[in-house]
Amino acid sequence: MKDIRELLQDADPLRQEPLTWSERRDSQRNVVLATALAQRDRPRTERRARMRLFIALGFVTIIVLLFAEHLSSPLISNVHAAVRFEVRLAEENPAAGLHTAKVSGTDRSVYLHDEAIVTNGDIAGARIVQADSSSYNVAVEFTPSGADKMRAATARHIGKPMAVLLDGQVIMTAIVREPIADSAVITGHLSKDEAERIAGGITSAR
Amino acid sequence: MNQLNVAQVLPVPGVGSPIERVAMLFDDHYDRLYRLARRLTANTDDALDLVQETFLKAARSPKSIPVGFASEEAWLVRVLINIRRDQWRKTMKRKRYEITASGESPLAATGTDLERSLIARATVWRALDVLSPRRRAIVVMHELDGITVSAIASLLGISQITVRWHLSMGKRDLTHALKAYTEARK
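Respectively, the protein sequence lines represent chains A and B.
Quick note: this note's numbering has the first sequence finishing at residue 207, numbered continuously throughout.
Quick note: this note's numbering has the second sequence finishing at residue 187, numbered continuously throughout.
The shape of chain A in the complex, shown without the other chains:
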């Protein structure tokens, strides 16, 4: 009785058939090489198409930037939503040379000094800080020159109010307990979106 190997050797079709047929082999070789050639050319075509797309996008971007100020899409308005930031010394009682201003969200008024101590140009960075589960503060860090200005101004204003203004509105006041230098925190039960808008706006307007 034959074993498996002998049976397979007997039945092996390669024992009866030619190994291959040159015509069919050549034909297959041509098909394979044509496929390889097409494959080689495909990336070039794709690269050209990508290049065209990038050029077109570049033109569109340039046009959008050139005419951005004349457009009113939400995207453009978000990009330019700079927040004017100021810190001013304030008084609780009216006096000559002071401007009356309402504290946002309250019935209270304060009396602002003419000049701002620091503005957006004096801000090194701003970030949001979670105050509690639903409200956020904005921590503002001053530049060295901004910190000097703050320190000098607040040192001679101990026990009196100071006002933080965003876009000309007094959003908070605080009594100066000690000289403020490097940083300050804007509080006011801000939502996360508001805090992000303020932090982003303060730094984008530098």
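Since the hints were derived computationally from the structure, they do not count as laboratory data.
For clarity, every value in this text was computed on a predicted model and none was experimentally measured.
Wrong hints could be hidden among the right ones.
Computed list of lysine-lysine pairs in DSSO-like fashion (alpha-carbon distance at most 27 Å, straight line) [stated by the list, open to error]:
#1 Lys150/A - Lys103/A
#2 Lys172/B - Lys3/A
#3 Lys103/A - Lys193/A
#4 Lys180/B - Lys3/A
#5 Lys161/A - Lys150/A
#6 Lys58/B - Lys91/B
The calculated label-pair distances, taken between Cβ atoms and stated as ranges, are [unchecked claim]:
#7 Ala43/B - Lys3/A: 13 to 23 Å
#8 Ser23/A - Pro67/B: 24 to 34 Å
#9 Ser62/B - Glu24/A: 20 to 30 Å
#10 Thr62/A - Asp47/B: 47 to 57 Å
#11 Ser23/A - Ser65/B: 23 to 33 Å
#12 Asn44/B - Arg51/A: 16 to 26 Å
#13 Ala43/B - Asp4/A: 21 to 31 Å
#14 Ser160/B - Arg128/A: 23 to 33 Å
#15 Ser160/B - Glu47/A: 33 to 43 Å
#16 Ser160/B - Gly126/A: 51 to 61 Å
#17 Ser18/B - Arg128/A: 50 to 60 Å
Far from chain A, by Cβ distances over 10 Å, these chain B residues were calculated [claimed, not checked]:
#18 Thr45
#19 Met93
#20 Val150
Even for Gly, the Cβ is constructed at its ideal location relative to N, Cα and C.
Put chain B on the given structure of chain A with help from the hints.
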């Protein structure tokens, strides 16, 4: 003969353009792949299609093929077996049904010695269809090409234990499938 061991000591050829690479792959490995393909399929047409499909895959991604004769061969053999496995899975159910439904066995046929011999060979070859392509490839490479277990393991990227297990199970399955045939020849 173990061609792998010979191939491994050959210098690695330089790789030109992708087209040249594919042409070189085709010329270097076509015969080897055809032999394997023919032993994994029922007829020459299927074998030629299988080889072409393997090289087309190589042509579509020549950069994914490792450099070096042995590595190229291993890559191509694995691709060929995988393609065959996909074909096999698709047709296996149908084939089983056809065999069962026809109720015919080539062994039942009668005729001259030549006819009986041809039928016997066809029966043996048909019995190989019960093996999965990978197992079948291992069996034919070992039994017909005489490739060692370690060389097959290296070629297919599997352990020698797995190769031995496939050989053992393959022989068992074949023996089972050929039982009727061997009994008829007694």
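Inset, instruction - For the pair we were handed, Lys150/A and Lys103/A, check the Cα-Cα distance against 27 Å. - result: Cα-Cα ~25 Å, so holds.
Legend entry - Whether Val150/B stays farther than 10 Å from all C-beta atoms of chain A, as the label says: holds, 14 Å
Legend entry - Ser160/B paired with Gly126/A, Cβ distance criterion 51 to 61 Å: holds, 59 Å
Inset, instruction - Decide if the proposed pair is consistent with the structure: Lys58/B and Lys91/B, CA atoms, cutoff 27 Å inclusive. - result: holds, 19 Å
Legend entry - Satisfaction of the hinted span 20 to 30 Å by the C-beta atoms belonging to Ser62/B and Glu24/A: holds, 28 Å
Inset, instruction - Just tell me: holds or violated, for the beta carbon distance of Ala43/B and Lys3/A against 13 to 23 Å? - result: Distance hint for Ala43/B, Lys3/A holds at roughly 22 Å.
Inset, instruction - With respect to the beta-carbon atoms only, verify the hint that Ser23/A and Ser65/B lie 23 to 33 Å apart. - result: holds, 29 Å
Inset, instruction - Verify that the Cβ of Thr45/B lies farther than 10 Å from every Cβ atom of chain A, and report whether the claim holds or is violated. - result: violated, 6 Å
Legend entry - Range agreement (Cβ of Pro67/B with Cβ of Ser23/A, hint 24 to 34 Å): holds, 29 Å
Inset, instruction - For the pair supplied as a hint, Lys103/A and Lys193/A, confirm whether the alpha-carbon distance does not exceed 27 Å. - result: holds, 24 Å
Inset, instruction - Look at the Cβ atoms of Thr62/A and Asp47/B and judge whether their distance stays inside 47 to 57 Å. - result: Holds, since Thr62/A and Asp47/B (Cβ atoms, about 55 Å apart) stay within the stated range.
Legend entry - 27 Å Cα cutoff - pair Lys172/B, Lys3/A: holds, 13 Å
Figure legend: structure checked against the earlier numbered hints; hints not met, in rising order: 12, 14, 18.
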